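> Which chain is which? The protein sequence lines are A and B, in order. For the first sequence, the residue numbers in my numbering are 1 to 92. For the second sequence, the residue numbers in my numbering are 93 to 563.
Please note: incorrect hints may appear among the correct ones.
Part of the chain B face toward chain A, derived, beta carbon under 7 Å [claimed, not checked]:
| no. | residue |
| --- | --- |
| 1 | E307 |
| 2 | A313 |
| 3 | L314 |
| 4 | Y404 |
| 5 | R407 |
| 6 | G410 |
| 7 | T413 |
| 8 | R419 |
| 9 | L432 |
| 10 | I434 |
Keeping only pairs whose Cα atoms sit at most 27 Å apart, straight-line, the calculated DSSO-like set for lysine-lysine is [stated by the list, open to error]:
| no. | chain 1 | residue 1 | chain 2 | residue 2 |
| --- | --- | --- | --- | --- |
| 11 | B | K212 | B | K424 |
| 12 | B | K169 | A | K31 |
| 13 | B | K169 | B | K103 |
| 14 | B | K424 | B | K363 |
| 15 | A | K23 | B | K166 |
| 16 | B | K166 | B | K103 |
| 17 | A | K23 | B | K424 |
| 18 | B | K211 | B | K549 |
| 19 | B | K184 | B | K169 |
To be clear about the criterion: a stretch of chain A counts as covered by chain B if any three or more of its residues have a C-beta under 8 Å from a C-beta of chain B, and this derived list gives those stretches [to be verified]:
| no. | region |
| --- | --- |
| 20 | 1-7 |
| 21 | 29-36 |
| 22 | 42-52 |
| 23 | 69-83 |
Rather than coming from a laboratory, the hints here were simulated on the basis of the structure. Just so you know, these numbers come straight off a predicted model, no measurement behind them. Beta carbons: idealized from backbone N, C-alpha and C, even for Gly.
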Amino acid sequence: MDIHELRITAELAMLDLDEREMKVFEAEVSKTLEYFAQMNAVDVDGLEPTTHVLMEENRAREDRTRDENLSDRLLEEAPERQGRHIVIPNVL
Amino acid sequence: MSVDPWKGILKDTQRHSAYLRYFEEWEARIGSFLEYRLSQDDPSDSGRLPLGGVPFGVKDNIAVEGYHCTCGSKILKDFTSPYSATAVNRLKAAGAVPVGKCNLDEFGMGSSTDNSALKKTHNPWDVSRVAGGSSGGSAAAVAAGLVPFALGSDTGGSVRQPAAFCGVYGLKPTYGAVSRYGLVAYASSLEVVGVLADTVDTARRVFDVIKGQDELDQSSALYPGLSRDRGGNPGAAPPAASTARIAVVEGLEGLSPEVEETYRSSIDFYKAAGCEIQPVSLPSLDYAVAAYYTIATAEASANLARYTGIRYGYRDTGAVTMEEMVRSSRTKGFGDEVKLRILLGTYVLRSGFQDQYYGRAQKIRTAIRNDFDRVFAAADLLLMPVFPVQAFPHGDTSLDQFQQKLADKFTVAANLAGIPALSFPTAPRNGLPVGMQLLGPVFSEQRLFAAAEIHEKSLGGIPRPHGFRSV
């Protein structure tokens, strides 16, 4: 992978890489992708992809009310809040 | 030995203070816990419940209400879990008491626990060496006798490898046998909550408590009453461990002399015990690591997209725009290994590359399942090493992060196939433990326990590190 591809990938991953990291990751990612390329030697014709083992069917939960309500405690974890609203930088 | 002597250790004042002293002396040397509370009262009726009053540790990527859940990352350093994982709740209902959160490689990504952004963990057998990973804190805590068992998670070997490095039992259950509710997601199609334990009996008892379907985890499975029989049908009695047919892999390369010798002597042990040894080949094993890391990093890039600094976790407050805030929070919050895996996963999922990497890896995954099906059509169990080397020193330059990934060869296949595997300790070599693993078809956990127990009995209990004291 070259620096250009790495930049695009980092952009998609929402990560900022400085010059040092660019160098380190370019080498590491390239080495690993080369290793992944070994998979090209395998004859996969006729093989179905496995996405999950043992996942037999979709299951729905029973439609019933529950007593617990985690929302307040989850909101307590927000880095910045006003009442029950999470504050973020201006988008407009 | 079983877990019973641990019952009520927190309640009895005299036993509690001796326990606290022992715990803190060891903990100062090995750093296995990120957080612990031993002063809490034992809320259970110790005598009545199956695990009444038994303390246990929990890997810090598994939620315990009221404790932090850091995943060993700066990005979740201050996050407190508002609820508990299903496995933790089931253990609590059985009377067990969670006493702390164990260190790990950041988000479970690593083989040494040195990738934790928050703490260093050392191997109780030799503190200049790593405890393995990613459930290194859990393994070290059990090996030192701080708790009789701890929960871990196994995505590609993260329970079995540290168990092997520290000389304890490590169960990676069948995929879906234990609910993942409350386990922080890394690679959802591969990972499972597992058990690190001081004896086979403890591992079995803990597994019996945590297994089974959970409405909060879509992928959790209804556990059959007994192991499946040789034809894979549920409900039939498992074969007697002493006459089991055990497959062994011929011509394994890259093993250290110590691990190779132990593999041979373990084969000899089961042969002498009356088992039928069947040499097999697993051709797809050569591609398991490539397929595994393709799938694991792809899933990681999607699962870790949720860390944005908006709703929870670390937020960089200096950013002016929303996008800057997300990028900067992620950039400052994640460590290098996590970033590397996110980048790899993002790349292999990019349009134009998907068939070449992710699609192909999923097909190789099928080939690996087929290989195991073939083996288990004729054998009850498969015996393999866990890792090519014993616990390595911190900062070992001969085994960098990339080489550590290649060394996952023997553990990742079980995750790709979704089958159970149990790592068990053998006689130490050069003063360090060596772990072997038994694998079986889906839902054959009881068969694994039975076979490991024969070996455990032959040792008269597994060896413990210097300074270990049983309760």
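> Could you work out which earlier hints the structure fails to respect and list their numbers in ascending sequence?
Hints 3, 6, 12, 13, 14, 16 and 18 contradicted; others consistent.
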